[in-house]
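Asks: Read off the chains here:
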Amino acid sequence: VNFTALDWIIVVTYIAVTLAAGLAGKKYISSASDFLLAGRHLGKFIGIATLAATEIGTITFMYYAELGYKTGFASFVNGLIAGGVMIFLGATGFMIFRLRDLGLTTVPEFFEVKYSRPLRIVAGVLVAVGGLLNMGVFLKVEGTFLTIISGLPVADLKWTMTLILFLELLYTVLGGMVSVVITDFIQFVMLSVGTVLVTGYVIYTIGWQHMQDAVMANLGANGFSPIGNPDYGWAYIGFQLLLWMAVDTCWQTTAMRTFATKDPETSKKVFFWTGFIFLGRGMMPMLWGIGALAYFGPNHDSLQAMPEMIARILPTGVLGIVVAGMLAATMSVNSSYLLGWSSVISQDIVLPLRRQPLAQRSQVLLNRVVNLLVSLFVLFWGIWYVLPGPVYFYLNITGTLFLAGAFAAFIGGLFWKRANTTGGYCALVGGAAGSVTYFFHIPPAYAGMSAFALAAAGMVGGSLAAGSGAMRPRSTRV
Amino acid sequence: MDRIYRGGFLRFWSWFWTANFIIAGSAFGGIALVVAIRGLADLRAMLTALEMDRKGKEDP
Chain A
59 VNFTALDWII VVTYIAVTLA AGLAGKKYIS SASDFLLAGR HLGKFIGIAT
109 LAATEIGTIT FMYYAELGYK TGFASFVNGL IAGGVMIFLG ATGFMIFRLR
159 DLGLTTVPEF FEVKYSRPLR IVAGVLVAVG GLLNMGVFLK VEGTFLTIIS
209 GLPVADLKWT MTLILFLELL YTVLGGMVSV VITDFIQFVM LSVGTVLVTG
259 YVIYTIGWQH MQDAVMANLG ANGFSPIGNP DYGWAYIGFQ LLLWMAVDTC
309 WQTTAMRTFA TKDPETSKKV FFWTGFIFLG RGMMPMLWGI GALAYFGPNH
359 DSLQAMPEMI ARILPTGVLG IVVAGMLAAT MSVNSSYLLG WSSVISQDIV
409 LPLRRQPLAQ RSQVLLNRVV NLLVSLFVLF WGIWYVLPGP VYFYLNITGT
459 LFLAGAFAAF IGGLFWKRAN TTGGYCALVG GAAGSVTYFF HIPPAYAGMS
509 AFALAAAGMV GGSLAAGSGA MRPRSTRV
Chain B
18 MDRIYRGGFL RFWSWFWTAN FIIAGSAFGG IALVVAIRGL ADLRAMLTAL
68 EMDRKGKEDP
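In order, the protein sequences belong to chains A and B. Using this note's numbering, the letters of the first sequence correspond one by one to residues 59 to 536. Using this note's numbering, the letters of the second sequence correspond one by one to residues 18 to 77.
The shape of chain B in the complex, shown without the other chains (with noise of 0.2 Å):
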């Protein structure tokens, strides 16, 4: 009964785990792909806001 208990209840932490896994290696991959696409239109538009603000203090 023990070892039967044992079995279920590793299986199902074995399987728990690989599947929390799978859906953490895959949202990690994917969105780091996504922001590392467009990351970089946001990465401009920030500067260039600051480059706004600079002007803005400079010109009264």
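So that you can see chain A by itself, here it is in the shape it has in the complex (with noise of 0.2 Å):
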């Protein structure tokens, strides 16, 4: 066992702290508007707090750092691409200043506002099944980087998943989003710290010079240019600029802290700020992989390398604040990722399907059951699904799943005057079948572009072959 005594007054202190701050979120709920979107107060700096913790966990890290331990500094593109992509859309305020102007609860609400309400509930099962896929591996992920790095047996894996997913629904399921939100702010301070620290660590320990060294003995030219190394290329940039403008706008759980700020304005702000923590959210957990290459060679496992040199390389004492920072990371995006999955069921699917509308009591009610079942179905799927290759390009893949058309027709709903629903269904269609391609043995890149080219193509064909006969007034909602 790696952990001493220190470090687990550390982790458990930080536990103690979270879990009763998170539960006193409870007494704020009085509507489900307070459960999903904290009553849409959010500011810019706490803003910033819950998008950032929200989209950095240990599943992050992990994934980073396998695509850095492949791939070298070539990997870096990736954070590039993330963080500019959304600096971009705070600085213009690209389709968000709408999309917070539309007074939105959910993704699939888009649907019913511009298109009709039967494709909100088509658009509802997309989003829920590619997002349920996408975080079924989280734990799973998790569970193996914090058994390495605490030292606990691997036969404890399956316990260590189950606890972490009973403390994050433990007050997602009490307090919805008020919970999250403050979760969130501690989190982020504790992943922040975490993050530098281990940073800081493996430069000093290992070397700047060292790395390069490893990665140009190892990997050659291609570790360095993201043009020449065969995991990515033209093709691929391209497909990341798209799904990461996808991501930005479409992807419930970013989408639900655009819906809860208090203003247009201010998700602009935070989009633009949080975009250059993202810059560092891709390149410092792919530096850590970089780490890894340079420390046990290039035969190791690729996903267990980096938790296993931190480990090695960590003091007492530094070890128990940084796996408080992994930890701190894990729970807020699954915390808000159950929050995002289930408002979509209870929300897109359960409630347009009744014919009566349901009290705010109910709904709220509503929500924490979903909220538990959705719990269910991450902690089975996780412990019996092995991931077809690296876990970026599933978790890529399970995304587009539903982006690619969630896009195309936000796009459309947006900015063309010709969408109708017919475009819509045909573009949620197009993006769907493209992206399975990839369970196909095509490569990510190429499974990608297709599922946005064939979203596009089904928005534009769909749209102009219904005709304008199929056009829905545009809503004034807001």
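In case anyone wonders, no lab produced these hints; they're calculated from the structure. Note that this is a predicted model, so its numbers are computed, not measured. The C-beta atom is built at its ideal place from N, Cα and C for all residues, glycine as well.
Sample of chain A residues facing chain B (criterion: CB under 7 Å; computed from the structure): (1) 97; (2) 103; (3) 134; (4) 282.
Only some residues are given here: those of chain A computed to face chain B with a beta carbon under 10 Å: (5) 141; (6) 247; (7) 274; (8) 279; (9) 286; (10) 320; (11) 334; (12) 336.
Keeping only pairs whose Cα atoms sit at most 20 Å apart, straight-line, the calculated PhoX-like set for lysine-lysine is: (13) A/84 x B/74; (14) A/85 x B/72; (15) B/74 x A/85; (16) A/84 x B/72.
Please assemble the complex out of the two chains, which come individually in their own frames, going by the hints.
Replies: Okay, structure coming up:
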């Protein structure tokens, strides 16, 4: 066991403080809007904290470190695109300004506001399936990290996963978005400390020059150039640019932060500054992976190399702080994702299918029950599913399942007067069809690009084929 | 010729990623510090607004 008593005290104290803060959020819940969007009261700084904490998890560190280990400095292109796209959206307000202005609660709700209720339900099903498959592998990867770094026996992996999930579920079910935002703030501070500490130790222990030499020796020029690297290239870069535009605007957990800000101007500022955090969110864990390549050489397990290196180089006390930080990252992502996918199932599938509207209290109860069911699915999927390749590519493709179609439908709905419901259906079907080709051994870049191309073609072709008779009056809802 | 091209090519990428990493790491640390300090006031404002919303719903 790598952990000493001091490390355990730090971790247990962090968990106790987070749980207490999370449970305190329950008293502020008086409506479904409070439960799902914290009453739309997010300011700039807390908005940055919750958006960053939601999208920085142990899973993020693991998949980015795996990319760093396998593809060297060339992997940095992923962080550059993720951060650059978000900074662009924040600076221009492209899409996010109008989306916040619509006063939505969930991503599929847009489909009812701009297209039709049946399309909202179809979008809800796709969003939920893609989101659950995506989140389904989180626990296994996070549990692997925590068992390796703490030195717990691998046999305890399932119990570690179950415990993590139970803790997150406890405060998410009771306090919804309010609890998630409160805990996200604490978790953001903790994970930032952990991230900076590990980065400093990796550079100090292994050395920048040694890492560059290791990449050169093991990967050659492909370890530096994202153009020449066979895992990347121009098609991949194009796919990533589109994917991140779609993630930042249509990904349920990110979009919930857009919808929860005080006003559209605040959402622009939140995106702009979080974009800079996203640069580091990518490049720092990728550097840890490169450090693991220099430390172990190229024949180690690519996913486990980074946590094993961290467990060896960090001293007692620092290890506890870092694990508390990683646990914070894990809990902030999982609680937000639990809430995000549960809200889609309850708001966009169950409620639209009911003939009678539900009272506010019943809506909150429904959300809590769905939260519990989603947790059970995530637990069981995480235990038995075997990943077909690198985690990052799996997450990209399961996300693209609905993101490609949703992005085309969002662009059409916001900026094209001839966009209509038929185009929306064709976009969703085309996007999903393109992304599943990954599971038939099509490289991720081509599967992803074909998903976006088919979705765009579906949107344009379907709308033009249906003609103006299928158009819906533009909604003025705010 | 090929060696010169590869040397310049690699040197470009090496400097490019080093510069990117320095910007990314500094921005991450700096923004995290500012958010940690000023986020608490934002959080209090959010909770106060939620409390007022709740009282508004209770008092017809």
